[in-house]
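Sequence order for the protein chains is A and B.
Counting in our numbering, the final residue of the first sequence is number 507, and the numbers go up one at a time with none missing.
Counting in our numbering, the final residue of the second sequence is number 296, and the numbers go up one at a time with none missing.
Derived by calculation from the structure, the hints in this document are not laboratory data.
Values in this document were obtained by computation on a predicted structure and should not be read as measured data.
Among the hints, a few may not be true.
To be verified - A few chain A residues facing chain B, derived, Cβ under 8 Å:
| id | residue |
| --- | --- |
| 1 | Asp56 |
| 2 | Arg57 |
| 3 | Leu205 |
| 4 | Ala240 |
| 5 | Arg241 |
| 6 | Glu249 |
| 7 | Ile263 |
| 8 | Ala333 |
| 9 | Ile381 |
| 10 | Val384 |
| 11 | Gln389 |
| 12 | Leu390 |
In this text, a Cβ means the ideal position worked out from N, Cα and C, and glycines have one as well.
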Amino acid sequence: MADIFDTYVMAGAWDEMFERPGVPRRQYQALFAALQPLGARELRTRADQLARMFTDRGVTFDYAGVERPFPLDLIPRVIDAAEWDLVTRGVRQRIRALEAFLDDVYGDRQVFHDGVVPWRLLHSSPHYHRVAHGWRPPNGVRIHVGGTDLIRDEQGVLHVLEDNVRTPSGVSYVLENRLAMTRTLPTLFSEQFVRPVEEYPARLLAALRAAAPAGVANPTVVLLTPGVYNAAYFEHALLARLMGIELVEGRDLVCENNRLYMITTYGRRPVHVVYRRVDDDFLDPLHFRGDSVLGCPGIVNAARAGNVTIANGVGNGVADDKLIYTYVPDLIAYYLGETPLLPNVETYRLDEPDVCDQALADADRLVLKPVDGAGGKGIVIGPVATPEQLASVRQAVREDPRGWIAQRPVLLSTSPTLVGERPAPRHIDLRPFAVNDGDDVWLLPGGLTRVALPEGELVVNSSRGGGSKDTWVLGEASAPAASVAVAAPSAAQWSPSRTAAWEGEQQ
Amino acid sequence: MTRPLLSRIAETLYWIGRYVERADDTARLLDVSVHRMLDEPETNHSLYAVLGLSPAAPASPQAAIRRLAYDLDEPASIASSVRSARDSARGVREVLSSEVWECLNVTWHHLSKLETLPPHAYLAFVRERAALFFGLADATMSRDDCWRFIVLGRSLERVDMTTRLLAVHLASDWRLVLQASGADESFTRTHGARDGAVLEFLLLDRLFPRSVVYSLLTAEKCLRALAPDTARAGVADSAQAAIGRVRAGLEYSDLDELSDRLPELLGTLQEACAAAGEAITKRFFQHREAMAWVGA
Numbered sequence: 001m002a003d004i005f006d007t008y009v010m011a012g013a014w015d016e017m018f019e020r021p022g023v024p025r026r027q028y029q030a031l032f033a034a035l036q037p038l039g040a041r042e043l044r045t046r047a048d049q050l051a052r053m054f055t056d057r058g059v060t061f062d063y064a065g066v067e068r069p070f071p072l073d074l075i076p077r078v079i080d081a082a083e084w085d086l087v088t089r090g091v092r093q094r095i096r097a098l099e100a101f102l103d104d105v106y107g108d109r110q111v112f113h114d115g116v117v118p119w120r121l122l123h124s125s126p127h128y129h130r131v132a133h134g135w136r137p138p139n140g141v142r143i144h145v146g147g148t149d150l151i152r153d154e155q156g157v158l159h160v161l162e163d164n165v166r167t168p169s170g171v172s173y174v175l176e177n178r179l180a181m182t183r184t185l186p187t188l189f190s191e192q193f194v195r196p197v198e199e200y201p202a203r204l205l206a207a208l209r210a211a212a213p214a215g216v217a218n219p220t221v222v223l224l225t226p227g228v229y230n231a232a233y234f235e236h237a238l239l240a241r242l243m244g245i246e247l248v249e250g251r252d253l254v255c256e257n258n259r260l261y262m263i264t265t266y267g268r269r270p271v272h273v274v275y276r277r278v279d280d281d282f283l284d285p286l287h288f289r290g291d292s293v294l295g296c297p298g299i300v301n302a303a304r305a306g307n308v309t310i311a312n313g314v315g316n317g318v319a320d321d322k323l324i325y326t327y328v329p330d331l332i333a334y335y336l337g338e339t340p341l342l343p344n345v346e347t348y349r350l351d352e353p354d355v356c357d358q359a360l361a362d363a364d365r366l367v368l369k370p371v372d373g374a375g376g377k378g379i380v381i382g383p384v385a386t387p388e389q390l391a392s393v394r395q396a397v398r399e400d401p402r403g404w405i406a407q408r409p410v411l412l413s414t415s416p417t418l419v420g421e422r423p424a425p426r427h428i429d430l431r432p433f434a435v436n437d438g439d440d441v442w443l444l445p446g447g448l449t450r451v452a453l454p455e456g457e458l459v460v461n462s463s464r465g466g467g468s469k470d471t472w473v474l475g476e477a478s479a480p481a482a483s484v485a486v487a488a489p490s491a492a493q494w495s496p497s498r499t500a501a502w503e504g505e506q507q
Numbered sequence: 001m002t003r004p005l006l007s008r009i010a011e012t013l014y015w016i017g018r019y020v021e022r023a024d025d026t027a028r029l030l031d032v033s034v035h036r037m038l039d040e041p042e043t044n045h046s047l048y049a050v051l052g053l054s055p056a057a058p059a060s061p062q063a064a065i066r067r068l069a070y071d072l073d074e075p076a077s078i079a080s081s082v083r084s085a086r087d088s089a090r091g092v093r094e095v096l097s098s099e100v101w102e103c104l105n106v107t108w109h110h111l112s113k114l115e116t117l118p119p120h121a122y123l124a125f126v127r128e129r130a131a132l133f134f135g136l137a138d139a140t141m142s143r144d145d146c147w148r149f150i151v152l153g154r155s156l157e158r159v160d161m162t163t164r165l166l167a168v169h170l171a172s173d174w175r176l177v178l179q180a181s182g183a184d185e186s187f188t189r190t191h192g193a194r195d196g197a198v199l200e201f202l203l204l205d206r207l208f209p210r211s212v213v214y215s216l217l218t219a220e221k222c223l224r225a226l227a228p229d230t231a232r233a234g235v236a237d238s239a240q241a242a243i244g245r246v247r248a249g250l251e252y253s254d255l256d257e258l259s260d261r262l263p264e265l266l267g268t269l270q271e272a273c274a275a276a277g278e279a280i281t282k283r284f285f286q287h288r289e290a291m292a293w294v295g296a
């Protein structure tokens, strides 16, 4: 049988699976051995099975109002235990530093007084919300869920691309991908110990409950969604179901005398913790956009009064702006007295005039990014941009230097991805998810590996036709779970003296 | 008391029950009507009448199928009902079991692919999927308010469809009525081949799950559990009252007089269903009026 990797030509980037052609890295050896005997056609069949399963289960992503299945690639991405340990410590460190920064921003502002971060960054941040000033959440946590995007460069070194501490999404695909993979390729999992991911909903719920207002022993936690037309609606519904909490929309909520209620068939019921997946701007028409009906009027006042906790915190956006990103290594040193464990990508601050002039001169060799762009929007990749694109981005940067950063282009690592019937290298990134319960920052082992499906594409976002991969963190196999001995079923005994009790089934 | 349910979700579940039942009933009705239309063009008119549609100009069986089964622009079509059920379910996925949601999602995705087959295949698929939906709801959902709102919607829709069917086919085609209600075999086992008892069977049989009385009793049971009544006298809940009154009237009616009073009786049943629907909306689905902001 032909080897499915025979035609695999490495793309010049760091390849996650292969050290050199035909030689898999250590953590991939078992996977490589298991995939080979499948053959190209078998691989394709399994991939089709996987795609159908996603359509049937409604694992979708809405883009421009169209509901599409989120493509899952059949070939997993594997991370060994040692590297995962580095990721865990590195991400945890950033979350702790960003928590400290947010606490400072909405408190004493010592970091600005001490000149570590210039005042102008605070004053020019569209996500700094005055209403959050002096408001400390019940257990001090503002980043209940964080998503830090990591990429691997040409030398195999992991870098942080950005931090997401507003409402990071994607974790539902981590859970669904694993479920689909264990059904489609069950034997792969028996070869080695892959750390399970299903702990996430329980961890998240515990963190949300821990953030409840003081004195509420058994808090009611809800998930606030903008509704069924939101791109991440699938995720909102899945998380609510897995946590066993209500998935509410703004129209289900009402505030009265600084308390929040949901409207049920038994009348109003108090709500104590809101895991909101609605942006600040739409959360409360009294404080933010007055025309928004996605949120609930009065919810911010209720939270400020300490009667309800909003997770993630209001105003967190001030910490994940891409310009603040450039200061995160400084923040780690300033607040934690530690050296950063995960490096940033080399980045230039365009709000500093000299840097800006130099960067604009070198624009054709840099990546230019809006500080506030999501989903790869507005990014100009210098080396592949047309002269017109470069001219227009230079103009945009000159008009608003605070609104842009420039980065050294990084050739993202590649991972074998099924294209047609054969694996081909495609660029990937990784978004690990962190949950902060106030005592500990826990990392979901794995996270979302996104794949740029078009050949050579460097932006992996789902809104650019990206797909994903199941992400395996290898660990030590634990002892098999204790099982309870069960007696063999006795032969069925059918008795003709049946009862007429079927009616009772109805209720 | 079971866990409180968001009003919006309760309303959606109620409508899912109605939509799925409507798709099922329409599929049954079409299946038995279509080949009859070849012999008796007037079946065409009665078909539209049962569904409460203005009878189109005499149309071919194919055109009738197109409009009533496949046409997504026709709100009364099967495809529209399935789409509505699926879209509604998508908005309340977190309270449905994933098997129940998947059932509707897969039904919706497969439906249009069956339009090229003979209509019977399409209609049989819809009936089977409706049965699967309610079966999975029964097998995988707790007997809590979520489940009750689905069953409530299904029961009221069933009463509505059966009474329409009887009203249109009154004294004409009993075989069609029995088949369209999925009752022909049950009926024969109960009464033998005696046409005389059809009305009694479809209106009053307490054991046949698609009879009007059975459906009314089920709806009442749901409502009693949804709104436990603490009053010592009378029934405070107007939905329960509306249904109970008409159900009692049916149960105590004189069998011999039944066919004479039928038009009036069916009218009363339709009104009671409408009244119950309004009362349910008023009592349980009040989320829309709550947008106002009150207090500090």
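Hint check results:
1. Given hint, Asp56 of chain A at the interface with chain B, holds; its Cβ is 5 Å from that chain's nearest Cβ, closer than 8 Å.
2. Of the supplied interface hints, the one on Arg57 of chain A holds, with its beta-carbon coming within about 6 Å of a beta-carbon of chain B, less than 8 Å.
3. Given hint, Leu205 of chain A at the interface with chain B, is violated; its Cβ is 13 Å from that chain's nearest Cβ, farther than 8 Å.
4. Because the smallest distance between the Cβ of Ala240 of chain A and any Cβ of chain B comes to about 4 Å, under 8 Å, the interface hint for this residue holds.
5. Checking Arg241 of chain A against chain B by beta carbon gives a least distance of about 4 Å; that is within 8 Å, so the hint holds.
6. Given hint, Glu249 of chain A at the interface with chain B, holds; its Cβ is 7 Å from that chain's nearest Cβ, closer than 8 Å.
7. For Ile263 of chain A, the interface hint holds, since its Cβ comes within 8 Å of a Cβ in chain B; the closest pair sits about 5 Å apart.
8. Taking 8 Å as the C-beta cut-off, the interface hint given for Ala333 of chain A is violated, the closest approach to chain B being about 43 Å.
9. Hint status for Ile381 of chain A: violated, given a least beta-carbon distance of 37 Å to chain B, over 8 Å.
10. Hint on Val384 of chain A is violated. Least Cβ distance to chain B is approximately 38 Å, over the 8 Å limit.
11. For Gln389 of chain A, the shortest C-beta to C-beta distance to chain B is roughly 39 Å, which exceeds 8 Å, and the interface hint is violated.
12. Using the Cβ-Cβ criterion of 8 Å, the hint placing Leu390 of chain A at the interface with chain B is not satisfied: the shortest such distance is roughly 43 Å.
In this structure, the earlier hints numbered 3, 8, 9, 10, 11, 12 are contradicted, and the remaining ones agree with it.
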